[in-house]
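Position chain B against the provided structure of chain A, taking the given hints into account.
Chain by chain, the residues run as shown.
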Amino acid sequence: MTPEQVRWCEERGLSVIVGTADAEHVPSCCRGAAVRSKDDFETLTVYVPVATGQEIVANVATTRRIAVSLSLPRDNTSIQMKGLTTGVRLAPAADEPFVKEYVYGFADILEALGLPRRLTRSMNHWPAFAIDMSVEEVYDQTPGPNAGAPLA
Amino acid sequence: MRLIEFSRCFQGVIPTIIASSDAHGMPNVTYVSQVYLIDDQHVALSCQFFNKTRRNLDANPFISAELLDPVTMQAYRLRLKFVRSEKRGPLFETMAMRIQAIASHTGMDGVFRLIAADVFEVLSATRVEGFLNDPGEAPAHEEVSVTGLRTELRGLQLVSERINRADDLETLLAAALDALDVYFGFHHTMVLLYDNDVQRLVTIACRGYGGGVGAEVAVGEGLIGTVASEQRVLRITGLEAGLRYGRAVRRSVMNRSGSVRPEIPLPGLPDAQSALVIPLLIEDRLIGVLAAESRDAMAFGEWDETYLAIIGNQIALGIDRALQDDPAEGAEPRPAPPPPPIPRPATVRRTLTYYRNDDCVFLDGEYLIRNVPGRILWKLLGAWKKDGRTAFTNRELRLDRTLGLPELKDNLESRLILLRHRLREKCPEIQIASTGRGRFALEIGADLDLVEK
Numbered sequence: 005m006t007p008e009q010v011r012w013c014e015e016r017g018l019s020v021i022v023g024t025a026d027a028e029h030v031p032s033c034c035r036g037a038a039v040r041s042k043d044d045f046e047t048l049t050v051y052v053p054v055a056t057g058q059e060i061v062a063n064v065a066t067t068r069r070i071a072v073s074l075s076l077p078r079d080n081t082s083i084q085m086k087g088l089t090t091g092v093r094l095a096p097a098a099d100e101p102f103v104k105e106y107v108y109g110f111a112d113i114l115e116a117l118g119l120p121r122r123l124t125r126s127m128n129h130w131p132a133f134a135i136d137m138s139v140e141e142v143y144d145q146t147p148g149p150n151a152g153a154p155l156a
Numbered sequence: 473m474r475l476i477e478f479s480r481c482f483q484g485v486i487p488t489i490i491a492s493s494d495a496h497g498m499p500n501v502t503y504v505s506q507v508y509l510i511d512d513q514h515v516a517l518s519c520q521f522f523n524k525t526r527r528n529l530d531a532n533p534f535i536s537a538e539l540l541d542p543v544t545m546q547a548y549r550l551r552l553k554f555v556r557s558e559k560r561g562p563l564f565e566t567m568a569m570r571i572q573a574i575a576s577h578t579g580m581d582g583v584f585r586l587i588a589a590d591v592f593e594v595l596s597a598t599r600v601e602g603f604l605n606d607p608g609e610a611p612a613h614e615e616v617s618v619t620g621l622r623t624e625l626r627g628l629q630l631v632s633e634r635i636n637r638a639d640d641l642e643t644l645l646a647a648a649l650d651a652l653d654v655y656f657g658f659h660h661t662m663v664l665l666y667d668n669d670v671q672r673l674v675t676i677a678c679r680g681y682g683g684g685v686g687a688e689v690a691v692g693e694g695l696i697g698t699v700a701s702e703q704r705v706l707r708i709t710g711l712e713a714g715l716r717y718g719r720a721v722r723r724s725v726m727n728r729s730g731s732v733r734p735e736i737p738l739p740g741l742p743d744a745q746s747a748l749v750i751p752l753l754i755e756d757r758l759i760g761v762l763a764a765e766s767r768d769a770m771a772f773g774e775w776d777e778t779y780l781a782i783i784g785n786q787i788a789l790g791i792d793r794a795l796q797d798d799p800a801e802g803a804e805p806r807p808a809p810p811p812p813p814i815p816r817p818a819t820v821r822r823t824l825t826y827y828r829n830d831d832c833v834f835l836d837g838e839y840l841i842r843n844v845p846g847r848i849l850w851k852l853l854g855a856w857k858k859d860g861r862t863a864f865t866n867r868e869l870r871l872d873r874t875l876g877l878p879e880l881k882d883n884l885e886s887r888l889i890l891l892r893h894r895l896r897e898k899c900p901e902i903q904i905a906s907t908g909r910g911r912f913a914l915e916i917g918a919d920l921d922l923v924e925k
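As you go down the protein sequences, you meet chains A and B in turn.
For the first sequence, the residue numbers in my numbering are 5 to 156.
For the second sequence, the residue numbers in my numbering are 473 to 925.
Hints were generated in silico from the structure; no laboratory data involved.
None of these values were measured; they are calculated from a predicted model.
Backbone N, C-alpha and C fix where the C-beta goes; we use that ideal spot for every residue, glycine too.
A few of these clues could be false.
[To be verified] Only some residues are given here: those of chain B computed to face chain A with a beta carbon under 7 Å:
id, residue
1, S492
2, N500
3, C519
4, N523
5, P533
6, F534
7, G602
8, N605
9, L715
10, R716
11, Y717
12, A720
13, S724
14, M726
Bound conformation, chain A alone (with noise of 0.2 Å):
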């Protein structure tokens, strides 16, 4: 990815969406409370709540395929990454913190486009699962005609 696109991707507010699939190719999804990474997006954490992550977590251990969605509601622009989970632990209450201030900047950007900011923050968010994976593609999820063009 480019800086731009890390610095991006790094914003705060964003919508984390999480998709995976059995070993049947059945999919899954479910909304992910925060990402985050140390070293430029070339791998990532993604945290999901245990309370509505559990058939994410048990599909990943069985194929480890993984794809994650960053998305601005402000404004639709859209990233999704693809990947292979390379760890699934169920996340340090040190974590706590930045997963509960990466929900809340989710909620504050959805209270300026109208929805109240308590009924975001009263979506479960912990404690969550820390899946790490590592990023092999990058595409553009931007609504468009250049939805799902490879970005790296």
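Only chain B this time, still in chain A's reference frame:
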């Protein structure tokens, strides 16, 4: 679970997540703006671009969707199996119209459009337990309260009575919009009449906007213009989300090709979250459009659509009757009783300028009105200046070929309403007052300079 139990999720207020998988099991996850509820076993998704999800479906018919209730934020999951793509028929037309309206509004008509309505069988539907910290009450499906029903039935009766009683078009429209406000809670409404000559819709009455009469929309443009061209009801919830989607496509196209047609400003609320737009038809003849808007994303349900469609029919009949009803028809023009003089401050002096080449009338250098209403104003002012006349009839206007009124369906009444409104807003010293059916008087409360260029 039955799909109707979480029907709010299908209104398109919050985008739905869908996951598909290719033949090798690599997932793809994305958003769709709306999942259409067909029946308890089937839903449909819109296919607007030949994207990855579409290609995956050709290899693997299973997808998973997560929908959110826009009131409670509770999530629901659907397991779906692709059945077929529909490229015509009622389902396709209904889904296409919303997309066409949003595309047209954002200047993207032809760029994004419905390619197909993809129909899926619902294999399972489940509430996502643990999605919310405090789930509270499970959302009940929308029901119509008896109190509401009684109020709305009463409202329907009243609208009918008022439309039947109205002496003229202006009274009819004011009464209808008043009843919609009081009995149905539609606080922002407008009626636009179709002008066949110029293929445009002109706002002839509105309520809740503080002005707006005279605003025009081209047939086929934006939400209202699309309803006029398609002659179908359009109910859009989550309008802002739809427009954001359209603008995202627009930016993408601009990045690629540089220029696109400008966005069409909404004629009503700039921050409307939902809209219900009804074509006013007599059989298949377009009379106009009735539009209601709200800042509440969930303001309009199926129930409102049904009622507004009934009222729309009555308004269309009333308008048609009013436009054809000319009590002075066949009678010789005769002067009406003189109206009471309006207060006239001695020092007011206004200059009206008529530009022949584009039929525009300007007031003290500012645009006032154009086309047929402009020519009518100029004729009335000319007669007043030359002969001191103040009393006129609809019939003499109809007989005056210089005004350019069409021989059939001349919409004279609506043009006079438009002229009255513009004068009230811009030039209170000149008024056109009704003096009986088919008759009116010109009231002048200033010294006027008339200039023709």
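Hint check:
Interface hint at S492 of chain B: satisfied, since its Cβ lies 6 Å from the closest Cβ of chain A, which is below the 7 Å cut-off. The interface hint given for N500 of chain B holds, since its Cβ lies 6 Å from the closest Cβ of chain A, which is under the 7 Å cut-off. For the restraint placing C519 of chain B at the interface with chain A, the shortest Cβ-Cβ distance is roughly 12 Å, beyond the 7 Å limit, so the hint is violated. The beta carbon of N523 of chain B comes within 5 Å of a beta carbon in chain A, closer than 7 Å, and the hint placing it at the interface holds.
Proximity of P533 of chain B to chain A is violated relative to the hint, the smallest CB-CB distance being about 10 Å (cut-off 7 Å). The beta carbon of F534 of chain B is positioned within 7 Å of a beta carbon in chain A (closest approach about 5 Å), and the interface hint is therefore held. For G602 of chain B, the interface hint holds, since its Cβ comes within 7 Å of a Cβ in chain A; the closest pair sits about 3 Å apart. This hint holds: N605 of chain B has a C-beta 5 Å from the nearest C-beta of chain A, less than the 7 Å allowed.
With its C-beta approaching chain A no nearer than about 10 Å, L715 of chain B sits outside the 7 Å limit, and its interface hint is violated. For R716 of chain B, the suggested interface contact is upheld, since its CB lies about 6 Å from the closest CB of chain A, less than 7 Å. The interface hint given for Y717 of chain B is met, as the beta carbon of that residue sits about 6 Å from the closest beta carbon of chain A, less than 7 Å. Interface restraint check: A720 of chain B against chain A, minimum CB-CB distance 4 Å, threshold 7 Å, status holds.
Annotation: S724 of chain B was flagged as interfacial toward chain A, and the flag holds, the nearest CB pair being 3 Å apart, inside 7 Å. At about 9 Å, the closest approach between the beta carbon of M726 of chain B and any beta carbon in chain A exceeds 7 Å, and the interface hint on this residue is violated.
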